[in-house]
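Okay, so the sequence shown: first residue is 69 according to the numbering used here, each after it adds one.
Since the hints were derived computationally from the structure, they do not count as laboratory data.
The beta carbon of each residue, even a glycine, is placed where N, CA and C say it ideally should be.
Check each hint, because a few of them may be wrong.
Simulated DEER-style distance windows between Cβ atoms [said to hold, decoys possible]:
1. Asn259 / Pro162: 15 to 25 Å
2. Pro147 / Glu125: 24 to 34 Å
3. Lys177 / Ser237: 38 to 48 Å
4. Thr202 / Asn229: 17 to 27 Å
5. Tyr160 / Gly225: 24 to 34 Å
6. Lys177 / Ala210: 29 to 39 Å
7. Pro124 / Gly164: 37 to 47 Å
8. Gln130 / Asn163: 13 to 23 Å
9. Thr202 / Thr136: 14 to 24 Å
10. Thr202 / Thr227: 37 to 47 Å
11. Asn259 / Glu123: 17 to 27 Å
12. Asp132 / Pro182: 18 to 28 Å
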Amino acid sequence: MALKLSRAVALLAALSLAAGTVACANDDTVDGDAANGENPITPTTGVATTAEAAEPEFETRQVDPIVTDKIDGSPVDDPGMDLTFHWQGTTYAPNGGTVVTVAVANNSKVPMPPEALGQPTLRYSPGSSSDATTATPMSAEAAGIDEVGLDLPLGPGATTNLHYAFDVSTGNIWDAEFTIANVTFSGNLNN
């Protein structure tokens, strides 16, 4: 008896679904736009979607970095990307080392992905030696700061301050070069 009842319920459910589908259709079309000359959706054509335009990508060009002594906050345009940098200065990292702060403005019409900046470098001349030493980058946790670098894409027209930590005392960067993307800030970076 229970088997006959469940078969009857299944048959009624299938019939009501079929009746609902037929009631919604109008001359084999799902929408009534055929009379307007539009391309209607039929049960055999599937779901209509608008074609999405491909989003333009952030453009980068391989160029030699420019060297600037503008460490007073003046704008410096990147020759390989639609970016402008502003030197903000350096400070002691809470756990030791140096934190470099630089503002970056995205002048492009598309978001800039974080990886477009690459890994910035800090080179300095220790003591009276003319041989430059490359400072070791530090993680945010090791330096005791909230964040290092850019973690999300930078929107068109947006500007943000970026922090980069290095394992070198601020007293040693009186004759140094900080390179980010295609811009090298040079001079006494202990400011």
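The hints, checked one at a time:
1. For the hinted restraint 15 to 25 Å between Asn259 and Pro162, the CB-CB distance of approximately 19 Å keeps it satisfied.
2. Here the CB-CB span from Pro147 to Glu125 is close to 19 Å, at odds with the stated 24 to 34 Å.
3. At about 41 Å, the CB distance of Lys177 to Ser237 agrees with the hint of 38 to 48 Å.
4. The hinted range of 17 to 27 Å is satisfied by Thr202 and Asn229, whose Cβ atoms lie roughly 23 Å apart.
5. The supplied range of 24 to 34 Å is met by Tyr160 and Gly225, whose beta-carbon atoms lie about 33 Å from each other.
6. With their beta carbons about 37 Å apart, Lys177 and Ala210 fall inside the hinted range of 29 to 39 Å.
7. For Pro124 and Gly164, the hinted distance range of 37 to 47 Å is satisfied, since their beta carbons lie about 43 Å from each other.
8. The hinted window of 13 to 23 Å between Gln130 and Asn163 is violated, with their beta carbons roughly 36 Å apart.
9. Judged by the Cβ atoms, the range 14 to 24 Å given for Thr202 and Thr136 holds: they are separated by roughly 19 Å.
10. Against the hinted window of 37 to 47 Å, the Cβ-Cβ separation of Thr202 and Thr227 comes to about 28 Å, which falls outside the hint.
11. Hint check: Asn259 to Glu123, Cβ distance near 40 Å, so the stated range 17 to 27 Å is violated.
12. At roughly 23 Å, the beta-carbon separation of Asp132 and Pro182 lies within the given 18 to 28 Å, and the hint holds.
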